[in-house]
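J.: Listed in order, the protein sequences are those of chains A and B. 1 is the number of the first residue of the first sequence in my numbering; add one for each residue after it. 1 is the number of the first residue of the second sequence in my numbering; add one for each residue after it.
Possibly wrong hints are sitting among the right ones.
Said to hold, decoys possible - Which stretches of chain B does chain A cover? Using the computed rule of at least three CB atoms under 8 Å from a CB of chain A, they are: (1) 155 to 167; (2) 206 to 214; (3) 234 to 246; (4) 276 to 285.
To be verified - One side only, chain A facing chain B, incomplete, derived with CB under 10 Å: (5) Cys93; (6) Asn131; (7) Trp141; (8) Val174.
Hint data in this document are derived by calculation from the structure and do not stem from the laboratory. Glycine included, every Cβ here is placed at the ideal spot set by N, Cα and C.
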Amino acid sequence: MAKGENGVRCFQGLLIMGNVVMGLCGLALMAECIFFVSDQHTLYPLLEATDNDDIYGAAWIGIFTGFCFFCMSVLGIVGVLQSNRTMLVVYICLMMIVFAFEVASSITAAVHRDFLTPNLFLKQMLEKYQNPEPINNDDNWKSAGITRTWNRLMLQNKCCGVNGPADWQEYTSVFRTVNKDADFPWPRQCCVMDTLGKSINLDGCKLGVSGYYHNTGCYETITGPMNRHAWGVAWFGFAILCWTTWVLLCTMFYWSRIEY
Amino acid sequence: MTRGLETEPYEGRLRDLGMFSLRKRRLEEVQAVTERREGSDSCRQQRIGLETMGLNYRREVSRQCCNQEKSTHIGIPKSNRARISDDTLRPQIANPKFATNNPTLTTVTLEKPFCEFDGSMLKGASYEVYLYVMVDSAMTSSSSLMDTDDKALRATFQQTSGGQLGAYKAASFDVPNCMSPPKLSDAADVAKAPAVLAQYLIRVGDDSACLYDPNFLEACNPPLSEDTSYRFKFVLVDKTSGAMKDQTLWSDPIKTNKLKQSSSIDTWPGRRSGGMIVITSVLSVLMSVLVAAFLTAALLAVLAWGRDYHLDGVSSKRRLFSDGYPSLKGIQERLPMQLGVNPKLSNMLTQDEHKKPLSPTPGY
């Protein structure tokens, strides 16, 4: 009998430890997703304009599921300690639902990360940056967001265009319809500015003399935070789910062994 | 004598008939000869050795080199030696390592003609250089830049509809200083950069406002058309008389850019990444495993409950639904033991409950 008790104790201890880890990971997931949703780099308008903002949706779901993992782990610990069959049934059913949501969040983040290519941002920039005549309110909102975001990106990160300033010279754009090529081969923000916000040599900037314009592209600055966001949600969620699978399977086994 | 031309001077008659003046014809002959002579080894070597220089130094040296050869072999009169143009003396595009954005959609940036006109400039007279622009397709053999009285042509952009009907005068500037040309490395200094840019190059198509400004009096240099080949020529002009003293050859055709449509950009991401495939497949498998396990456990529970119901009849039913708690009292009473209760007491309890142990029974 002692051996059986020891086995039970061991198993209970394992389950409790599994639930503790799951609860802490749930809190961490919630904190991480809150950080991503808060958009520290203010890149959301770029995704909003491309209609591809599902990595933010995945982060929102992650907040919910993270908190649920924490609450469920508390329920699970209490249920295992009391070997309460009803509690454990509730625990298992709710955990299955939260598990399903977290699977959705993780897969969404992973899938939609793949859509974030340079061409996507290039096309949006060319079609919406400084759009003079938006066709409806939605277009107006998106164009304003893109213009604001690109102006800030180019000034702060000292870059120009997605792949480089040549983007403005190679493709048609709404920017080109408003601004003549002779005066604005590329936006003024691509020029090296002094502290007052004026370019230090406008002719040098227009001609492409090195030192007077930014000749790197902004793609790295955009995708760095977005990749970290998507992979953080996807892979951390994946890790939590792998752990949770084992906890749930053991709990189901434990539950089935509780006798009336 | 052709009818209608009796009263005109000889030069005028030739011009009207579309023929060159004698002077011009001699110049063209010399140019044709120099083109044949271009491949001489010593000239080529000197030119190659000076390729690294950003300016026309190499052209100056090569012109002197080729001029020496020409004058010995061709026997050109001295008065015309200064007017000989080496066939490399065409307007050149600005150094692409320096001005990287060139040519653009509507502008072309050229090097100013350094040391090209020095042979023709007389001391005491002031000169300036005119830049002429013409669409390549308007190039005919009779394109002359001389107006009446040897004066340089004063056609404007509007008159030639953007260079399509002939050459127009785009800009005029002082003769570039051959003795002290600007150093391109000085452009890195912010203070010196404007001077370097102004001295080194001239941007065709720079002024987008002059066409619409009724007060604009000088030569208008409006933006060029896109996807069009243009040719350029520099002409040395006497400031006081406006007469043309010297000219370069027409440049090679330089084409402005053509834009690609932004709607043609393909935003399809292509292949799926490996990480996404791993996550999707593994999580789907885990989900199905969990659902299967849950169903199995539920099924077993229902079967066991059903068996208990049939075996024990009403009593088990009452036990199941009376308090809702699992009635395995052994576990509930083992809890105090785990929390540190007297083991002897727990042993007594286990002896009481030996009928219903926790270890697997045949029913499960």
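J.: Would you list, in rising numerical order, the hints stated earlier that this structure does not obey?
T.: Checked against the structure, the hints that fail are numbers 1, 3, 6, 7, while the rest are satisfied.
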